Structures are given as structure tokens and as C-alpha cells.
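Line by line, the protein sequences are chains G and P. Letter by letter, the first sequence follows residues 23 to 204 in the numbering used here. Letter by letter, the second sequence follows residues 360 to 503 in the numbering used here.
By construction, these hints were calculated from the structure, which means they are not laboratory data. Everything numeric in this text was worked out from a predicted model, so none of it was measured. Hints are not guaranteed to be accurate.
What the hints assert, rightly or not - Partial list, derived from the structure: chain P residues whose beta carbon lies under 8 Å from chain G:
(1) Arg412
(2) Leu416
(3) Gln424
(4) Leu426
(5) Glu435
(6) Lys446
(7) Thr450
(8) Ile451
(9) Pro459
(10) Gly461
(11) Lys476
(12) Val478
(13) Asp486
(14) Phe487
(15) Phe496
Ideal Cβ placement from N, Cα and C applies to all residues, glycine included.
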Amino acid sequence: MCPTIKIIGFLLALSLAGCVSVPPDIFRLPANSLAMRQLQTRQYDTTDESKIITSSAGVLQDLGFTLDESETKLGLILGSKDRDATNGGQVALATLAVAAAAFSGTYSNAYQTIDKVQKLRACVVTRLSEDKSKVLVRVTFQRIVWNAMGAINRVESLDEPTLYQDFFERLSKAIFLEEQQI
Amino acid sequence: MKRYVYLWAFLSFLFVSSLVSGCASSQQQLLSAEQSQVKLRSMQTRAFDTTDREKLLRTIIATLQDLDFVIDKADETLGTVTGTKFKNNMTIKMTVSVRPRGETQMLVRANAQYGLKAVELPQPYQDFFMALEKSIFLAAHQVD
Numbered sequence: 023m024c025p026t027i028k029i030i031g032f033l034l035a036l037s038l039a040g041c042v043s044v045p046p047d048i049f050r051l052p053a054n055s056l057a058m059r060q061l062q063t064r065q066y067d068t069t070d071e072s073k074i075i076t077s078s079a080g081v082l083q084d085l086g087f088t089l090d091e092s093e094t095k096l097g098l099i100l101g102s103k104d105r106d107a108t109n110g111g112q113v114a115l116a117t118l119a120v121a122a123a124a125f126s127g128t129y130s131n132a133y134q135t136i137d138k139v140q141k142l143r144a145c146v147v148t149r150l151s152e153d154k155s156k157v158l159v160r161v162t163f164q165r166i167v168w169n170a171m172g173a174i175n176r177v178e179s180l181d182e183p184t185l186y187q188d189f190f191e192r193l194s195k196a197i198f199l200e201e202q203q204i
Numbered sequence: 360m361k362r363y364v365y366l367w368a369f370l371s372f373l374f375v376s377s378l379v380s381g382c383a384s385s386q387q388q389l390l391s392a393e394q395s396q397v398k399l400r401s402m403q404t405r406a407f408d409t410t411d412r413e414k415l416l417r418t419i420i421a422t423l424q425d426l427d428f429v430i431d432k433a434d435e436t437l438g439t440v441t442g443t444k445f446k447n448n449m450t451i452k453m454t455v456s457v458r459p460r461g462e463t464q465m466l467v468r469a470n471a472q473y474g475l476k477a478v479e480l481p482q483p484y485q486d487f488f489m490a491l492e493k494s495i496f497l498a499a500h501q502v503d
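Here chain G stands alone, though its shape is the one from the complex (with noise of 0.2 Å):
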């Protein structure tokens, strides 16, 4: 190919970069979206909702979340907390990198661009059951992962069912803790 339509093509595809264009299926259901609303909620045989939004915020604290925002009226509670996001394998890969850098006598900024610093987040929708009889608990988690230079590396919500599992766990026992007065 001749070079001066490689230059035109990389000085169109320059002029393109800033204007990205919007799916059209971002708000489809996803296929998978019953099996996430059943991993993520767990039903309370109780109809004091705000018994378990407070044991939720309680939860949360014990998990070292600190609360944003909180609309008992609608029964939302949202929590974050940053803690680091070093990961030992990309550690590993990073170094590597630079020492082959160095090797052939170039530079490699490896370690700047690996994961550095993450903020995750906790949202808690409680709501009553269709016949007033339950309250219904739904936890949701994401997460946004920062390199050393500040940049995102990743944004994405965290669908480990462990990690659900754990929280109700948690929950049980927080709502019981309350009831006896401890």
C-alpha cells in the first residue's frame, strides 16, 4: 500500500478517535439478569423495613464501607471505601517488563500502569414483598480500579456469588446481633 494513504487512513482514524457513538443495546436486559436478581437479594421474615435498612448500614460499616448517600424514605442506602489494588501477579509481569526494557536499552513504564489504588461500591434497596409479609434485601457491588499516574484502569460491578453470599451472611447475623440488644 502506498504510504500516503496509510498517513490519510491513521489521520482519519485521529479525526474519528473523539466522537465515540452510543450502542443501542445498553439498556437491553441481560440474559443473565434473573439469576444476578436471585444471587443479590435475600428475603427477612419481618415487615420492619427500617430494622433492616439500619442493620444493612451496619453491615456496611463492619465492612469498612462509609455511607454517600441514603434515602430511607426509598429504602437506598450507597457506600464506598478505596483500599489499594496492588496484585501481586501484575507486580510480577510489570517487572519483567521493565527488566527487559532494560535490558534492550529502552524504557518501560510498567509499573505506572498497572493497578494501584480502588474504590468499591455498595448499594443496598431494601422494599416490601408484594403481599406485605417480607422485606426484600437487594445488595449490588461495583467496583473502579486507578494505576499509579491517576488514570482509570477498569470500571466493572462484581458478580462473585461468594461475595453475596457473604454479605447476607453477615446481614443474619447483624439483624440478629440487634435484636438482642448487642
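Starting from the known structure of chain G, fit chain P onto it as the hints suggest.
For chain P alone, coordinates are given in the frame of chain G:
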């Protein structure tokens, strides 16, 4: 050879102008919208036959959660819910508001941004309202 000089001058001009122009001038972004106000409202708004504001807001929260959003903010008095969703390493942010329409209906309006762009296509909003309808149906018939 001279021919190439002109070509290079033209290409350099194209390159510089493309860098300067971007999507729109940055201050104009404040009041910018690609669609007309009426068209935008009609694609972002639906009416529901209910007067139960709290239940509608709670259903909206549940729908956003089904769509993988984390709820950032909700206000019963104002009737708004805002959530964030991460998909393909992009951030999607959406606000949904409700207000009464006449004696028997409530209007639900949603608006969203995808990365640095406003979502101004009809399809995503159709999908959202379809999911919301489904949630109201689900909630009424207690499937979960």
C-alpha cells in the same frame, strides 16, 4: 515532487483542524443537545396508569438494578433516581424522574450519558421502558 508538497500541506491542515474541532467547542457543550427538545422529551418519557409515586420510584430502582446499575442517589420529594452502570469499561449514568400527569397518571422520564456522550437514540429508552413495564408486571404478580 512539488505535487507532494501541496499534498502534505493539505494533510497537515486536515490534521490540525481535526484536532481543533473535536465534537463541538467545549463551552457550547453546556447547553448542547443533538435532538430537538420536543423529540428528546417524547423519546425519553412514558406515562403510567398509576398514582402511587413511591411504588413507581421503588420499581424504577428495582429496574435499574436489574439492568446492572448501582443507585447513586434517590430523592422521594423530588421524585428522582440516579444510577451508574459499568459496561465494556465505559461508564453509563442515568437519571429517572417521575411527576404526576392529571389525576390518574404518572410521567416517567429518563436521560442517560454513555462515556462523554448523551444517549439520544430512541432504542435504549425503549428498552428501558420495556424493562420497567416488565418490572411493574413482575412486582404485581410476585414472580421472584
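Here is what the structure says about each hint:
The interface hint given for P/Arg412 is violated, since its Cβ lies 10 Å from the closest Cβ of chain G, which is over the 8 Å cut-off. At about 6 Å, the closest approach between the beta carbon of P/Leu416 and any beta carbon in chain G falls short of 8 Å, and the interface hint on this residue holds. The restraint placing P/Gln424 at the interface with chain G holds, with a minimum CB-CB distance near 6 Å, inside the 8 Å limit. Interface hint at P/Leu426: satisfied, since its Cβ lies 6 Å from the closest Cβ of chain G, which is below the 8 Å cut-off.
Taking 8 Å as the C-beta cut-off, the interface hint given for P/Glu435 holds, the closest approach to chain G being about 4 Å. Nearest Cβ of chain G to the Cβ of P/Lys446: about 6 Å, under the 8 Å cut. The hint holds. Hint on P/Thr450 holds. Least Cβ distance to chain G is approximately 6 Å, under the 8 Å limit. Given hint, P/Ile451 at the interface with chain G, holds; its Cβ is 6 Å from that chain's nearest Cβ, closer than 8 Å.
With its C-beta approaching chain G no nearer than about 17 Å, P/Pro459 sits outside the 8 Å limit, and its interface hint is violated. Annotation: P/Gly461 was flagged as interfacial toward chain G, and the flag is violated, the nearest CB pair being 24 Å apart, outside 8 Å. Hint status for P/Lys476 relative to chain G: holds, with the closest Cβ pair at about 6 Å, below 8 Å. For P/Val478, the interface hint holds, since its Cβ comes within 8 Å of a Cβ in chain G; the closest pair sits about 5 Å apart.
Taken as an interface hint, P/Asp486 checks out: its beta carbon lies about 4 Å from the nearest beta carbon of chain G, inside 8 Å. Using the Cβ-Cβ criterion of 8 Å, the hint placing P/Phe487 at the interface with chain G is satisfied: the shortest such distance is roughly 4 Å. Interface restraint check: P/Phe496 against chain G, minimum CB-CB distance 12 Å, threshold 8 Å, status violated.
When each numbered hint is compared with the structure, violations occur for hints 1, 9, 10, 15.
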